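Let chain A serve as the given structure and place chain B on it in line with the hints.
What follows is each chain in one-letter form.
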Amino acid sequence: MKEKLHQLKLKYQGKKMAPAFNALHTFLYTPNETTHSGSHVRGADDLKRTMNTVILALVPCLLFGMFNAGYQHYSAINGFPESFSLFNDFLTWDNFLVGITTVLPLVIVSYGIGLGIEFLFAVIKGHEVEEGYLVTGMLVPLIIPVDTPLWMLAIAVAFGVVIGKEVFGGTGMNILNPALTIRAFLFFAYPTWMSGDKVWVHEAVERAGTADAISGETVLGSLAQGSDYSYSLADMFFGFIPGSVGETSTLLIILGGLFLIFSKIASWRIMVSAVIGALAMGLIFNGIIDAGWLPEYSKFYALMSFPYWQHLLVGGLAFGIVFMATDPVTGSQTNKGKWYYGFFIGFLSVMIRVFNPGYPEGVFLAILLMNVFAPTIDHYVVRGNIKKRLKRFKTATIYPKSSDEVELKTETA
Amino acid sequence: MSKDIRIRKGLNINLVGAAEQTISKAVTSNVYALNLDDFHGITPKMLIKQGEEVKAGEALFYNKNNEAMHFVSPVSGELVEIVRGARRKILTLKILADKEQDYAINKVPDLDTADGEAIKSYLLQCGGWPFIKQRPYDVIADPNATPKAIFISGYATAPLAADPDFILKDKEQEIQAAVIALGKMTPGKIHVTIEKSSMSPLRDLKGVELHRISGPHPAGLVGTQINKIDPVNKGEVVWTLSPQDLVMLGELLLTGKFNAERIVALAGSVIKDPKYYKTKIGAEISTFLYASGVKVDRFRLINGDVLTGTKTNTEGHLGFYNNTVTAIPEGDDYEFFGWNKPVFNKISTTRALTFSWLQPKKKYDLDTNTNGEHRAFVVTGQYEEVFPMDIYPLQLLKACMVKDLDEMEQLGLYEVAPEDFSLTEFICISKQPHQQIIREGLDLLQKELG
Chain A
270 MKEKLHQLKL KYQGKKMAPA FNALHTFLYT PNETTHSGSH VRGADDLKRT
320 MNTVILALVP CLLFGMFNAG YQHYSAINGF PESFSLFNDF LTWDNFLVGI
370 TTVLPLVIVS YGIGLGIEFL FAVIKGHEVE EGYLVTGMLV PLIIPVDTPL
420 WMLAIAVAFG VVIGKEVFGG TGMNILNPAL TIRAFLFFAY PTWMSGDKVW
470 VHEAVERAGT ADAISGETVL GSLAQGSDYS YSLADMFFGF IPGSVGETST
520 LLIILGGLFL IFSKIASWRI MVSAVIGALA MGLIFNGIID AGWLPEYSKF
570 YALMSFPYWQ HLLVGGLAFG IVFMATDPVT GSQTNKGKWY YGFFIGFLSV
620 MIRVFNPGYP EGVFLAILLM NVFAPTIDHY VVRGNIKKRL KRFKTATIYP
670 KSSDEVELKT ETA
Chain B
872 MSKDIRIRKG LNINLVGAAE QTISKAVTSN VYALNLDDFH GITPKMLIKQ
922 GEEVKAGEAL FYNKNNEAMH FVSPVSGELV EIVRGARRKI LTLKILADKE
972 QDYAINKVPD LDTADGEAIK SYLLQCGGWP FIKQRPYDVI ADPNATPKAI
1022 FISGYATAPL AADPDFILKD KEQEIQAAVI ALGKMTPGKI HVTIEKSSMS
1072 PLRDLKGVEL HRISGPHPAG LVGTQINKID PVNKGEVVWT LSPQDLVMLG
1122 ELLLTGKFNA ERIVALAGSV IKDPKYYKTK IGAEISTFLY ASGVKVDRFR
1172 LINGDVLTGT KTNTEGHLGF YNNTVTAIPE GDDYEFFGWN KPVFNKISTT
1222 RALTFSWLQP KKKYDLDTNT NGEHRAFVVT GQYEEVFPMD IYPLQLLKAC
1272 MVKDLDEMEQ LGLYEVAPED FSLTEFICIS KQPHQQIIRE GLDLLQKELG
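Note that the protein sequences, when read in sequence, are chains A and B.
Add 269 to the 1-based position in the first sequence for our numbering, that's all there is to it.
Add 871 to the 1-based position in the second sequence for our numbering, that's all there is to it.
The set of hints was computed from the structure by calculation and includes no laboratory data.
No experiment lies behind these values; they were computed from the predicted model shown.
Careful: at least some of the hints might be erroneous.
[To be verified] Stretch-level coverage of chain B by chain A, calculated; a stretch enters the list once three of its residues show a Cβ under 8 Å from a Cβ in chain A:
(1) 1010-1023
(2) 1177-1187
(3) 1202-1212
(4) 1223-1236
(5) 1239-1251
(6) 1258-1270
By construction, the Cβ of each residue, glycine as well, lies at the ideal position given by its N, Cα and C atoms.
Just chain A, with the same shape it has in the complex (with noise of 0.2 Å):
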């Protein structure tokens, strides 16, 4: 097999389907070149293991959003068991069921038009094909609605990765996080479908109007309507609440993140400071309530008065900092920018969250303003550094040129 696909890639070699085949071959087998200038010896990494880390890491949120997605659907047909069992209510065959027969259309949706999309630019361009959306079509099914129709997400991928990344150049290039374009175009393009309380549990919206009606609002869609929820904190941080695909398990998300962190893949830095800048913002709205300058009919005021710190187990924040706010191409990159970078998320998600009762959900939208604002941190940031040396400039030792006449010691200013 090693030497057929070593003979069918001398064949392809200067062809125009070259890219294409190599993508398969180089997946099957990392390729046989060398060195050839500079260091001659490599490390271990390349990009596909890079990328590769990061579906690893996503992988348990695919299979609980899987189970989840039964779980709502049985939940809001029979109503949610009162003794919760996590084998016999959750963990069952019937919910997985639901799961792979909603969510895995949604996975193989994504990557078919996205890589299809890749492929044709490579092909096209003539470049490799570039691993940049094994991560993007990963990320895709886990942030939308389980119910989301398929052309409509097939549409937004080719949006998303045409206009979100090919148009820029292709993976590395981009500025808006691809992922979070196809969101955003979803979100604007098709409102009905990704806010209210028909779009979370299966078979929700065909349901609508008959006598088997069914709903499941999400936490954040009944505090933005002022109205009570019924999860706990536990439900909360499991998951076992309506919300996007993949994005409701604050534990696996966590333990996600820990495995990146230790995998070294995705920047510590911008997950710590946006879960300070989140907890920042949360406290301020706190602060704004205990200290009664809003009074209760306001509609901000059952979002405000919610705990600052649970802000952090609903809605996709969590999510959102540890897969898609860590996007090395479209966050910050220096180290220092990172800082600030992942401040800003978690402090304007909370924001919007909370400000836009329409669609309580701000962490797209955050990241993405980030993304277009991490070139001009960054700037700051190597300024810095810049200035740093002009200041050392100014002492600068510099001798005249023997062939000079003038025999001095220059002071530059």
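For chain B alone, kept in the frame of chain A given last:
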């Protein structure tokens, strides 16, 4: 006077096949060669023709931009071949060595009384000058510029590099002479850096500022030391020398003889019996390679260490500046699912199913496989972990790639040499050619600003 520097960021690449500390005498080489690529940026003008005889230490060619700068023959013999490349560019000069070596004896200046200019013209004339390199640009020093300081690194941290403490043994006298001469050419200091607990022969030198350094590679690179001791500013010039070249300069100053003899470490996992050899600049590598024996037929032979050396082959010759020759396996083979299975036999700074962090002392047998394909820059924050200078490596690389001269200047390109980016290149997930990018950036800057 001794100052301690501690380097925290970096990475030691431990490889199998370190040279055992015994010196054997290499078989005398028949043909010696000077590879002109060793002298970056020099346009040679030949002084003798093909077929003519030279003595050891007699000039072969001079620098077109500075006629006083001579490059001399390491041995006496006949110039048998001038290998030319595209547009008749001279690539290699080959000298068939005489059986009996005949040295040109130069009239040495008196080290006590001679001034800087006299030393300078002596070194230029007698072939000692090319050992002096300068920053900015990492090229042979411009004799018209006065350096603000001179830096000598007596500590080698590169993988499998020759141990300076070992090869400099009993050379104190030559080194001291060279240092005295160098001191006359700069009003500034001569900074010598050695390992923290080293008993290096350099520790008792007079007329230098001694620094002690500790930490992982690149603590031993002179660029790291410059950055920590006295960084280069725009317009400033510093000179750098390797200690083994000081020995040659010293001998040239004391005896008037250009003695190309040098102790070379032959190392690498492919070598059966890795150890040190006494040989000469330009000697055929095969004269000592096969004395130690090789384990496999196909391997990568490197003039220098695995991070910064240049590729050569079994017909190659020892480089002008090299005191290490490394042989490692070629890695032109496929690896099934190499990108996602756990890795135990390669080095990595991440822990993405790579397990080199479990055994930091383990020695590895790395080959030349790139372990992945070339990609655009994606991951951030990783170079900084192995890059101890106060410079933003990623931003500087990008500035060089887009040829933004202002940015290159401001971000500190003056301070670096390609070798300073060898570690970032090693760990680069996108497999970008960092050293080449920096080299091209330096060349462009030099061309534009002179």
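Quick rundown of the hints versus the structure:
As drawn, the region 1010-1023 of chain B meets chain A at 7 residues by the rule of a beta-carbon pair under 8 Å; at three or more, the given contact holds. Coverage of the region 1177-1187 of chain B by chain A holds in this model, with 5 residues showing a Cβ closer than 8 Å to a Cβ of that chain against a need of three. Residue count for the region 1202-1212 of chain B with a Cβ under 8 Å from a Cβ of chain A: 10. That meets the three needed, and the coverage hint holds. With 4 residues bearing a CB less than 8 Å from a CB of chain A, the region 1223-1236 of chain B meets the requirement of three and the coverage assertion stands.
Under the rule that three or more residues need a Cβ within less than 8 Å of chain A, the assignment of the region 1239-1251 of chain B holds, with 13 such residues. Counting residues of the region 1258-1270 of chain B whose CB lies closer than 8 Å to any CB of chain A gives 5, which reaches the minimum of 3, so the coverage claim holds.
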